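Visitor: These protein sequences, in sequence, are chains A and B. Residues in the first sequence are numbered consecutively from 13, following the numbering used here. Residues in the second sequence are numbered consecutively from 1273, following the numbering used here.
Worth flagging that the hints you see were computed from the coordinates, not collected in a lab. Just so it is clear, the structure is predicted and the values come from calculations on it, not from any experiment. Any given hint could turn out to be false.
Examples of chain A residues lying across from chain B (beta carbon under 10 angstroms, computed) [stated by the list, open to error]:
1. N60
2. G90
3. E166
4. D170
5. A173
6. A174
7. D188
8. Q292
9. D296
10. S299
11. L316
12. R380
Straight line, CA to CA, 20 angstroms or less: simulated EDC-like cross-link-like pairs of lysine to aspartate or glutamate [as the list claims (entries may be wrong)]:
13. K1354(B) with D306(A)
14. K1335(B) with E1356(B)
15. K1300(B) with D1290(B)
16. K1346(B) with D366(A)
17. K1346(B) with D317(A)
18. K1354(B) with D1306(B)
19. K1300(B) with D1387(B)
20. K1300(B) with E1386(B)
21. K1300(B) with D1321(B)
22. K1354(B) with D317(A)
23. K1346(B) with E52(A)
24. K1354(B) with E1328(B)
25. K1300(B) with E1328(B)
26. K1346(B) with E350(A)
27. K1354(B) with E1331(B)
28. K1354(B) with D366(A)
29. K286(A) with D366(A)
30. K1335(B) with D262(A)
31. K1346(B) with D170(A)
32. K1354(B) with E1332(B)
33. K1354(B) with E1386(B)
34. K286(A) with D1387(B)
35. K286(A) with E1386(B)
36. K286(A) with D306(A)
37. K1335(B) with D1321(B)
C-beta: ideal position from N, C-alpha, C; glycine also.
Below, each chain spelled out in residue letters.
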Amino acid sequence: MRLMAVVSLVVCLLAGCSNGDDDSSGPSSAGNVVPISVGESAVCRTINQLCAVITICQPGTSSCQTISEVLVDNGSVGLRVFSSVLSTPLTQTVDVRGRAVGECTFFADGGTTWGPVQVADVVLGGAPAVRVPIQVIQSTFGGQSSSNNPCNDEVDTDPQAASFNGILGIGIFRQDCGLICATNSNNTLYFSCNGGSCTGVAVPLADQVQNPVWLLPSGNNGLVITLPNVPAMGAPSVSGSLILGIGTTDNNTPSAGISVLTTDDNGFVTTVYKGRTFGQSIIDSGSNGLFFPDASLQQCATPLDPFYCPPNAVNLSGTVIGENGSQIVVPFQVANTENLVQTGNAVFNNLGGDFSIFDWGLPFFLGRTVFIGIEGQSSSLGTGPYFAF
Amino acid sequence: MMMKGQRQSRTGTGYSIDTITVAGMRVKEYVSPDGVVFAVVWTGTGMPDLQLLLGEYFEEYRKGVHAARSQRPKIRKPFQMKSERLVVERSGHSRSLWGRAFLPAALPPGVTAEDIR
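Can you build the whole structure from these sequences, using the hints too?
Guide: Following this line, the structure appears as structure tokens:
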């Protein structure tokens, strides 16, 4: 069924999909939309987990495959796909000595991925393919294992346990590491492997795993995530759009009243909540809830701790502040997580939990259109990195 | 501490902070007046060698990571493990990973978790 849907989309694009309204001055916007959803797939099944379908091709060929159940994560940068779901041969990247390059990627949830860095042609929605280094997630790459590897941490082994086939990292940076990894071999992320041993290696910017969006021929200045809201007790699923580009077509043009919050060099914003200021705040579609510290909110019993379980839903609000001084008040609600989980629904706008730093996860994106500006790329909203909503 | 890099010390708050900066990573070690490292905080593009930083607590951390990864329902949240002996947290995103570890029982008088940043 999924394959048929993709095929019909392609046919529709070739046919124009224009509703007969061909005289608009802007370029066609249909090609820059990647459908995204929560709760509509089998592998990508975690509560509030945003997923998409992408296409990967062997570089320079028409040998392609679609990969479903890819986590849409603006908290990371670059595409990562499990080797077990890949049937398309890709091109291995090597260091100056010709040794295969692999990478450790560390995620805030304690997850770590290890595997080779390979070049693929990646197709997002109906946009042209971009040639980009990605990470193939493979715990055994370079003679390593899930428990014994250069990441010095337990790494992901399979899609079922990880609950995704891949991760589409569409964060505010161009590369996942940047200059540090281009100039230091002890960057702890990139390694080259030979005869079962892997050692740290510097990797030029162009060979690093990177955000496919900024490599697009157009619409490369950022992206938009737009999702509808859900009722107080959640919904079984929700569908929205990941739109490529900002202000480049009719469908990604910011409406009046959008405020731009630039981030600091590290991609962080500041959140003020109940009079406390939290630097290093993140806006992260890959986090499944809203995480922040509030001792007045009752926590759930095991195994749902440290999620919040107030007897009744509470109305709260935080102020998000950019490096540029702009601020936006964000009202939100936190409900009883036990009651939410019991509904069997998959999407909630009021799922919260305890953490020491403010993390605006997926609930923040529900009922909102969020513009994410990529570093060094300009749009009508300014030069990235920024968030605007 | 085996990491090579620039090292700075700051004292005068009832404890001292040693800061080591190397390859895009900054590691702060909080040292009590009697020489006990009671907390570490790291920020940067990569991950410090936690086996080195956590020493005898590293295995406990690994078990905590394993437990967090195995938790069901699987809901993605910043990593947090809390016991009376050890607290470890991870957050951040690509380019800027953040984490801290501290020993709740070893915090000097007047020092709270909020001071460890």
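Visitor: Against each hint, give a clear statement of whether it holds in the structure.
Guide: Status of the hints after comparison with the structure:
no.	hint	result
1	N60	7 angstroms, holds
2	G90	7 angstroms, holds
3	E166	6 angstroms, holds
4	D170	12 angstroms, violated
5	A173	8 angstroms, holds
6	A174	9 angstroms, holds
7	D188	5 angstroms, holds
8	Q292	6 angstroms, holds
9	D296	6 angstroms, holds
10	S299	6 angstroms, holds
11	L316	8 angstroms, holds
12	R380	19 angstroms, violated
13	K1354(B) with D306(A)	16 angstroms, holds
14	K1335(B) with E1356(B)	15 angstroms, holds
15	K1300(B) with D1290(B)	6 angstroms, holds
16	K1346(B) with D366(A)	16 angstroms, holds
17	K1346(B) with D317(A)	12 angstroms, holds
18	K1354(B) with D1306(B)	25 angstroms, violated
19	K1300(B) with D1387(B)	12 angstroms, holds
20	K1300(B) with E1386(B)	15 angstroms, holds
21	K1300(B) with D1321(B)	13 angstroms, holds
22	K1354(B) with D317(A)	11 angstroms, holds
23	K1346(B) with E52(A)	16 angstroms, holds
24	K1354(B) with E1328(B)	16 angstroms, holds
25	K1300(B) with E1328(B)	18 angstroms, holds
26	K1346(B) with E350(A)	14 angstroms, holds
27	K1354(B) with E1331(B)	14 angstroms, holds
28	K1354(B) with D366(A)	12 angstroms, holds
29	K286(A) with D366(A)	15 angstroms, holds
30	K1335(B) with D262(A)	50 angstroms, violated
31	K1346(B) with D170(A)	15 angstroms, holds
32	K1354(B) with E1332(B)	11 angstroms, holds
33	K1354(B) with E1386(B)	15 angstroms, holds
34	K286(A) with D1387(B)	18 angstroms, holds
35	K286(A) with E1386(B)	15 angstroms, holds
36	K286(A) with D306(A)	9 angstroms, holds
37	K1335(B) with D1321(B)	16 angstroms, holds
Comparing the model with each earlier hint shows violations of hints 4, 12, 18 and 30; every other hint is respected.
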